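Put together the whole structure using the sequences plus the hints.
Chains as they are written, first to last, in my numbering: chain A, 1371 to 1632; chain B, 11 to 351; chain C, 9 to 347; chain D, 9 to 347; chain E, -2 to 278.
Accuracy of the hints is not assured; some may be wrong.
[Unchecked claim] Some chain D residues near chain C, calculated using beta-carbon distances under 10 Å:
#1 H22
#2 L131
#3 R276
#4 R302
These are calculated hints, taken from the structure and not from any lab test. Note that this is a predicted model, so its numbers are computed, not measured. Idealized CB from N, CA, C, for every residue including glycine.
Residue-level listing of the chains:
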Amino acid sequence: MKRIGLPSLSFALVMLYLFLPVAATVLYSLATEWNSTVLPEGLTGKWFAELYGDPRFLQAFGRSFLLSSLTTVAAVVIIVPAVFSIVVYAPRLERLVQLFVMLTYAVPGVIMAVGLIRTYSGSGIPMIFITAGAYLVGLLPYLYQGTRNSLLALQARSLMEAAELLGASRWQAFVRIIVPNIMSGILVSALLSFSILFGEFVLINILVGGRFETLQLYLYAKLSTSGHIASAITVTYFALMAVITGLIVKFTRRSFARKEVS
Amino acid sequence: ATETKSDATLDTSQLTLEQIVEKAKQEGEVNSVGMPDTWANWGETWGNLQKEYGLKHTDTDMSSAEELAKFEAEKEDATADIGDVGIAFGPLAKQKGLTLPYKTSYWNDIPDWAKDDEGHWVLGYTGTLAFLTDKTKVQNPPKSWADLKSGSYKIAIGDVMKANQAQFAVLAAAYAHGGDEKNIQPGVDFFADLAKNKRLSTSDPSLANLEKGEIEVAIVWDFNALGYRDKIDKNRFDVIIPEEASVSSGYATLINKYAKHPHAAMLAREYILSDAGQSNLARGYARPIRANAKLDESAKAKLLPEEMYKNARPVGDLNAWEETAKKLPQLWQEQVLIHVR
Amino acid sequence: MSYVQIEHLSKTFHGQNVLKQLELAIEKGELVTLLGPSGCGKSTLLRILSGLTAPDTGTIYIDGKDVTDVSPKNREIGMVFQSYALFPNLTVSQNIAFGLEMNKIPKADIRQRVQEMIELVGLTGKEQNYPRELSGGQQQRVALARSLVTRPKVLLLDEPLSALDAQIRKNLQKQLRTIQRELNMTTVLVTHDQEEAMAVSDRIYIMNGGRIVQHGSPHEIYTQPRSEFVARFIGNYNVLTAEQLNRIAPDLAAPAAERFAIRPETFREQRMAAEDIRLTGNIAHVTMLGNVTRYELNIGEVPVLVDSLHLSYEPEQAGATKTLYLCPKDVIPLYDTIA
Amino acid sequence: MSYVQIEHLSKTFHGQNVLKQLELAIEKGELVTLLGPSGCGKSTLLRILSGLTAPDTGTIYIDGKDVTDVSPKNREIGMVFQSYALFPNLTVSQNIAFGLEMNKIPKADIRQRVQEMIELVGLTGKEQNYPRELSGGQQQRVALARSLVTRPKVLLLDEPLSALDAQIRKNLQKQLRTIQRELNMTTVLVTHDQEEAMAVSDRIYIMNGGRIVQHGSPHEIYTQPRSEFVARFIGNYNVLTAEQLNRIAPDLAAPAAERFAIRPETFREQRMAAEDIRLTGNIAHVTMLGNVTRYELNIGEVPVLVDSLHLSYEPEQAGATKTLYLCPKDVIPLYDTIA
Amino acid sequence: MKRFVSMLLVTTIPFFAMIALFLLVPLLSMIGGSFQAEGDGGFTFSHYREIFANPYYLQAFENSVLISLLSSLIGIVAAVFATYAITRFPQSLQQRVLVITNLTSNFAGIPLAFAFIVLLGNSGLFVLLAKQLGIDFGQSFTLYSWSGLTLVYIYFQLPLAVMLLYPLYHAIQKQWMEAAELLGASPWNFWLRIGFPVLLPGIVGTFSILFANAMGAYASAYALTGSNYNLVPIRIGALVSGDIFARPELGSALAVLLGLTLAAALLVNEWLTRKIRRDLS
Ligand SMILES: Nc1ncnc2c1ncn2[C@@H]1O[C@H](COP(=O)(O)OP(=O)(O)OP(=O)(O)O)[C@@H](O)[C@H]1O
Ligand SMILES: Nc1ncnc2c1ncn2[C@@H]1O[C@H](COP(=O)(O)OP(=O)(O)OP(=O)(O)O)[C@@H](O)[C@H]1O
Ligand SMILES: [Mg+2]
Ligand SMILES: [Mg+2]
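See the structure below:
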């Protein structure tokens, strides 16, 4: 790119905007005192030391990771094929799905939680599964839009036709032809989903609570101890997420290895 | 959970303390809501219960309304045995039939305003609204409502729409200016005045915000104020109970009617009201409800001097306050927040 | 009943009638060609045959069975799409192997058959390329290879060679014909190349405006067009009104018809038979078409196209006068209207 | 310097040399055709000319200016893509009008010029259709119309008529030629249809493996191929070794060369000149190609293709013996290697 | 078409089951709740009547819609350009940028609000910095107002928009850009006439999600301004999850109205899309 166009400029601005609060958090997690000066009065690693001394942190992180990743995988498996077949074969149903997408935002967490407890307590299903179910629905918007946006880029219909004529079942055609082509889109929305689940607090707190302390529960508990430690948690969890998502991207890319469509 | 289903009509008055202890030990665990380790030093209490009676414990922190909603929604499938709610929620929980009544051995030591006749709820500790001042921001910490009025700093009271603590701050101001729970207007006027002068801060007086220096003066429960002060920096903050008037209120324990571990929950309430339990609370800066509790020295040292509390009083007419509290959010919005923006 | 039989087929897009009560019958192992002007419904017909598009009305039988509602996968049909529809995420060999893998052919067989096909269509060296790294003609050849390799019972080819140069096209025509005969594949070929149609087909169907207007062997179609449309479409027939014919050949005893067709290559420079009629005209224009030289003559003010072989001596130039002979039986009366 | 001049052009994809030091010169107002086998680099060359692909080395001059680094938009070039590249969200008329709108032509003019174009390419009635509602040939015609309507100085056409039937193709060839002459547009046409190349070009460039292997007027190229590649590629030349030639025509005094080319249509059924050589062979195969009948003859065990016009009497059948005459100057010695 | 039923069924049955179990159930319970009288649980319209009679609640809707529209618009516009820039990067870099962007979507609720407080609060980095430089933007800007809220909203909209828009850009075929360029179109012209319209359905869908996301956002807003800024989710939160008297039925009624607002927004979006993209039959 020879000249700085609007896209590059807005990219730079967006990145800066996204970066600043992260930087602030990092700084705060390393600050000794920072309450009336522009920059921290001093730097220290004690907050991190204090944090890493607490085994609850890693346990909580592990629980969050487990819950988020399993739920994300389940959501991808349930939602992506459904969105695909609706977009390609029954576009009329799309409006309905879009309505559901909007409604997922209309039910506030507390109300959702109470409704779910009322319905499913006593059913014998562990609440953690109910929570996961609610998460599936919560991921619908991201996976729906991500999948749909990738499908728009593909001549999905004619590729399916070609594959079927060659003897592939719809399912095979979907897995062998469509999925690899929309993989980058699915991956991106799955990552997004994963991150969003990682940050969820209200549902897990009311539905399951302290018996399954996730990172967010831990974070909220720590907020009443020290803002520095809470920041250290956020920073650590960012770093871990960076490593994990980086690995996921790398791994998934390899297993679906193909040269990218330009 | 394979324990025997708790009988909704379990008659707790027939049980002796020994029986309760024994059954609680069998139950082996107790699950609470809204009673996290860091709040009012509950952590130590749970630790003691574990040590002395082998009760395992988990807590899920949530607001009072959420606690009741959870009790109500879960019914027999209860996951919480005991909860700690703002005083107003005690009668409400009783009215909704969510509670198991239990009067502890210390029942008579507890002032009447702080307990339900039938034992559905009972306060474990009280809080009184205090002024918390960041001395790095404000040179002369206010000692009275009059000081507040004449100062030049911003004052944070938190969320009047939602938080118990903030609503009581308005009530305290009303007391100080000739109003009461039936006539909240003087309190509202006081803050409206501050707002007009751009002196009402909208930040939440939370630990992190205080630590960051967002807040100059906050009106918070004394136990919160002391806790924040000690956690951040003992020398940075000043805590006082305003001279003219303040409100005391407290938090009540509720035992879930459908508790899976009802005896453990009863034992927990018993312990909380015991001298040891009350000392634990005091170490968490909460003022024990039992005036006659024998506190150990380390606990006493954590509290503000008794004489500061001479003008603090509990809410006289809870029903009137309930009515007022319902109207308060809108009054606040219309008469105070309107000057904030 | 024929192997592939189509009855009363209609299809409408947005109120526009694209196929109109179309009838078609193809015998087992036959290669038929669909010829017709752009937009006449050829691709639509193939898509309906393969089951990708549902017809509005009509029935399709394959091998005696009504397959109108059978899914494409179960019709054992191979197809080359006009737009190729290659899989962008698969390499050339993976694209070609796809159909075999779906049919659970053993790995070793697949490798061999794919390799054979790649050689057949001349893509050796491009096995690992992705479709977007291929030229237009190379993509088309992958599409052809992909459909041939599965040896379907019915093969539908929608302009499978249109992006190829004459040399490779002729080569592939020959190969295609050989394979098709060997495997006895019933084949429908859509092409706009009349020479190709003539060269490879058992039968030709001429389509126009959603209908079949004539069908028959290549020779039949070429020498006996039934309508002006077919006469003009196939070859470069001179279509003359009775009046015009009379003007250029007053001596000819023509049958009673309104229009007549004369192929440009039937005019001869020498008299070959006694009944031949002699014509004289002015050369208006000369075009060299490769092996053929095409003259535009004015014979009695009527413009007439005349083809002659492109010989080594220089063609006559515009302005010169040319004398030609015409055999009366090369004048074909047309009975149908334009259709 | 020519109007369009290309020097030392090279382009490599993934280490594969697609254009090799290619040189090309086109005069103003000329229509030149690029002919070459699939994958030889024709589309790549056009893309480089238009500025869409950057060459690895080489310089491009248009109208005397070095435009190698000029952006496509500023080259005043029109182009038809092999894959059409129609805008999916615009109707037929909007697609065609797009270029005019970009050039700020007054609205009324646009309407008129678009309407003219739509009539020219025969899409009347499809004005409001979207590309995906068109047949393959219709899409191609929109692409052609879209590039013609802006009247660019240089027009690049990548197989612009490949999806069309002969009738409309010939019509459009003629129209294209007329417009091109009228506006004096310098035009490069890529086609795989040799007849088309012959019919419309001022000059033909034959490409092979990323190089221009021969260029000249259609007649030159057709009658004087310089290499076996050109001879085989253009037309259906019989390419014979000196030994084979000697076998079929022992009497011929051939010049010293290793290979010779003979066009199939130069064999005649009558002796036309004294020096003609008489040949006799067995018919192995007969193909009817429309106006031409193609015989595969064995003359002294050497297979030879012979074309004759498709006359009304039945062609001779395989197995029969055929006597032919060949003029010695129709035997062309080939000097280059395959190239 | 009969033949398409099998795949459609297999894939959508679990999908709709999931929706029914975990979305419709709580949704119905919410709708039911909104018609229940407080205390005795009898049927009543009184909650809706109360909401419509009280300008306070109506103002909450007004504020919510405004702030959501504004933050979604800014978010989508910035993301449309920024994502385009990303798609122009080399492949490996694209992945890295996306991972980084995605990380910031972890940032929400209290930690996000707190980070903004560190930057822009009363003793925030930039506020103090500005003061040292002699600028007092404390007068024109405070984080604890609607402008601060909008900043925070934009923050969580951006990564969402970028992540959702990213796959969409593959829908633009390079050849269209080339064809347009040869026809004399500037990049601007191309995007205006071809690129943007082609992307439009995807952009609008994404916008709908941003809008809904903002309308429903609670944690970040609450962490920043408590209940001081009157927003629908904050009102609902105060009614159902506070330390003061809970009125879950009234909260449900508000949530039902929130849902209706979102559905209406969806319809408007779709209608607009169809007006612009008439080729989407
Ligand atoms: N989806 C569609 N919507 C509307 N019209 C359509 C659609 N598909 C095809 N048509 C119309 O149907 C007619 C037949 O199309 P079809 O593709 O079958 O033509 P074709 O014979 O294959 O032409 P070509 O030789 O140009 O490929 C055309 O006029 C075309 O415009
Ligand atoms: N992006 C690419 N990556 C790798 N190889 C490419 C790429 N584009 C073209 N090629 C190769 O370059 C060669 C020339 O391609 P080009 O498209 O110029 O051929 P062409 O002469 O237009 O052929 P056709 O007549 O089949 O369209 C081909 O062998 C093709 O495989
Ligand atoms: Mg077609
Ligand atoms: Mg090409």
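Do the hints match the structure? See the list:
1. H22: Holds, because the Cβ-Cβ distance from D/H22 to chain C comes to roughly 7 Å (cut-off 10 Å).
2. L131: holds (9 Å)
3. R276: holds (7 Å)
4. R302: Holds, because the Cβ-Cβ distance from D/R302 to chain C comes to roughly 9 Å (cut-off 10 Å).
When each numbered hint is compared with the structure, no violation occurs for any of them.
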